[in-house]
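Asks: Listed below are the residues making up each chain.
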Amino acid sequence: MTKPQPLTFVLMDAPFESDRTTTAFRLLEAALEQGHDVNVFAYEGAVALSFARQARHPNAVHGRNEADEAHPLAREWIAALLQKAETKSLKVDWVNCGLCVDERGVAETISGVRRGGPPDFWAMAERAANTLVIATR
Amino acid sequence: MLTLQIIETAYRATLEEQDDPVMWITHAMRGAGAELAVLLRGNAVSYAVAGQDCSGLQFGAWKQAQPPRLVADLSSLLAKGVEVLAVEDDLVERGIATASLTEGIQLVARAKLAEVLERFPRIWHW
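Chains as they are written, first to last, in our numbering: chain A, 29 to 165; chain B, 41 to 166.
These are calculated hints, taken from the structure and not from any lab test. Keep in mind that a hint or two might mislead.
Unchecked claim - Once the Cα atoms are required to be at most 25 angstroms apart in a straight line, the calculated BS3-like pairs of lysine-lysine come out as:
| hint | chain 1 | residue 1 | chain 2 | residue 2 |
| --- | --- | --- | --- | --- |
| 1 | A | Lys-116 | B | Lys-103 |
| 2 | A | Lys-31 | A | Lys-112 |
| 3 | A | Lys-31 | A | Lys-116 |
| 4 | A | Lys-119 | A | Lys-31 |
| 5 | A | Lys-112 | B | Lys-120 |
| 6 | A | Lys-119 | B | Lys-152 |
Stated by the list, open to error - With the C-beta cut set under 8 angstroms, the calculated list includes, among others, these residues of chain B facing chain A:
| hint | residue |
| --- | --- |
| 7 | Tyr-51 |
| 8 | Gln-58 |
| 9 | Trp-64 |
| 10 | Ala-68 |
| 11 | Phe-99 |
| 12 | Ala-101 |
| 13 | Trp-102 |
| 14 | Gln-106 |
| 15 | Ala-139 |
| 16 | Ser-140 |
| 17 | Gly-144 |
| 18 | Glu-155 |
Stated by the list, open to error - Ranges of calculated distance between the beta carbons of each label pair, as one might list FRET restraints:
| hint | chain 1 | residue 1 | chain 2 | residue 2 | range |
| --- | --- | --- | --- | --- | --- |
| 19 | B | Gly-144 | A | Ala-95 | 30 to 38 angstroms |
| 20 | B | Ala-139 | A | Arg-81 | 44 to 52 angstroms |
| 21 | A | Arg-54 | B | Gly-71 | 44 to 52 angstroms |
| 22 | A | Gln-62 | B | Gly-82 | 29 to 37 angstroms |
| 23 | A | Arg-92 | B | Ala-154 | 34 to 42 angstroms |
Glycine included, C-beta positions come from ideal geometry on N, C-alpha and C.
All chains should be built: construct the whole structure from the sequences, respecting the hints.
Replies: Here's what the structure looks like:
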């Protein structure tokens, strides 16, 4: 069976700001599930999705300690997708816009995420079957 | 000072935050003694629909353990003495039957909003 062509996604929203982020991750998950290699270009606030210092916390309003709250962290979502890709012998190429990273001071990322720029995005789009832009509104 | 929290932007990162941030801060301020009321308008009227369930989010091996429970969060605000209102016209426009709403939420017609707002010396629109 022919392997599906890669898909490229552009994400732009910062973590904890929009449900577009959750939807985007659901699409990434579905793409991997369907056997696509996935390229992600994280632009503007989305570069913070992979920031390694995101931390869980207790939530007094919910009445839960840190462990029970199990607060979602986008860096863990990315790590889970990278792991899923590996187990399916697929590739996730996650590139953060370097200038956007510098502006925000979020250079410390989880492993498996690399720094790049618009030329990387262009190359990703050129080698993909299609590109979906999920922009900030 | 009695303050009305008007919530209009709905489902804004609720899955990531495991709640609605405005409802969360309303709970937190109420816990600190604030006198608050909540008015749901626009898409946020959906928060009043009982029985909504957004559990099951999963990415690879990561599974959400504590999905947002928006109806429970509203109900507990009511239990804390926070008045919760919703704009009836916004429900009708979205085809949401009043029978589907959680108990305790007061409906207000859009035409009567000015009278309701007059009751509150301070209003914050989110």
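Asks: Take the hints in turn and mark each one as holding or not.
Replies: Evaluation of the provided hints:
With a CA separation close to 18 angstroms, the supplied pair Lys-116 of chain A and Lys-103 of chain B stays within the 25 angstroms bound. Using a Cα cut-off of 25 angstroms, the hinted pair Lys-31 of chain A and Lys-112 of chain A holds, with the two alpha carbons roughly 17 angstroms apart. Distance restraint check for Lys-31 of chain A and Lys-116 of chain A: the Cα-Cα separation of roughly 12 angstroms lies within the 25 angstroms cut-off, and the hinted pair is therefore satisfied. With a C-alpha separation of about 12 angstroms, the suggested pairing of Lys-119 of chain A with Lys-31 of chain A holds against the 25 angstroms cut-off.
Proximity of Lys-112 of chain A to Lys-120 of chain B is assessed by CA-CA distance (about 44 angstroms); at most 25 angstroms being required, the pair is judged violated. Taken as a hint, the Lys-119 of chain A and Lys-152 of chain B pair is broken in the structure, with Cα atoms around 57 angstroms apart against an allowance of 25 angstroms. A cut of 8 angstroms between beta carbons decides the hint on Tyr-51 of chain B: the least distance to chain A is about 5 angstroms, and the hint holds. Because the beta carbon of Gln-58 of chain B sits about 7 angstroms from the nearest beta carbon in chain A, less than 8 angstroms, this interface hint is met.
Because the closest C-beta pair between Trp-64 of chain B and chain A is about 6 angstroms apart, less than 8 angstroms, the hint holds. Because the closest C-beta pair between Ala-68 of chain B and chain A is about 5 angstroms apart, less than 8 angstroms, the hint holds. About 5 angstroms separates the beta-carbon of Phe-99 of chain B from the nearest beta-carbon of chain A, less than 8 angstroms, and the hint is met. Restraint check, Ala-101 of chain B versus chain A: the minimum CB separation of about 6 angstroms is within 8 angstroms; hint holds.
Contact between Trp-102 of chain B and chain A, as hinted, is supported at the beta carbon level, the nearest pair being about 4 angstroms apart and thus within 8 angstroms. Hint status for Gln-106 of chain B: holds, given a least beta-carbon distance of 6 angstroms to chain A, under 8 angstroms. Because the closest C-beta pair between Ala-139 of chain B and chain A is about 27 angstroms apart, greater than 8 angstroms, the hint is violated. Because the smallest distance between the Cβ of Ser-140 of chain B and any Cβ of chain A comes to about 22 angstroms, over 8 angstroms, the interface hint for this residue is violated.
Interface restraint check for Gly-144 of chain B: the shortest CB-CB distance to chain A comes to about 19 angstroms, outside 8 angstroms, so the restraint is violated. Against a cut-off of 8 angstroms between C-beta atoms, the interface hint on Glu-155 of chain B is violated, since the closest Cβ of chain A lies about 31 angstroms away. Range check, Gly-144 of chain B to Ala-95 of chain A: Cβ separation about 32 angstroms, and the 30 to 38 angstroms hint holds. The hinted range of 44 to 52 angstroms is satisfied by Ala-139 of chain B and Arg-81 of chain A, whose Cβ atoms lie roughly 47 angstroms apart.
Distance hint check: the CB atoms of Arg-54 of chain A and Gly-71 of chain B are about 33 angstroms apart, inconsistent with the given range 44 to 52 angstroms. For the pair Gln-62 of chain A and Gly-82 of chain B, the beta carbons lie near 35 angstroms from each other, so the given range of 29 to 37 angstroms is met. For Arg-92 of chain A and Ala-154 of chain B, the Cβ-Cβ distance of about 40 angstroms falls inside the hinted range of 34 to 42 angstroms, so the restraint holds.
Comparing the model with each numbered hint stated earlier shows that hints 5, 6, 15, 16, 17, 18, 21 do not hold.
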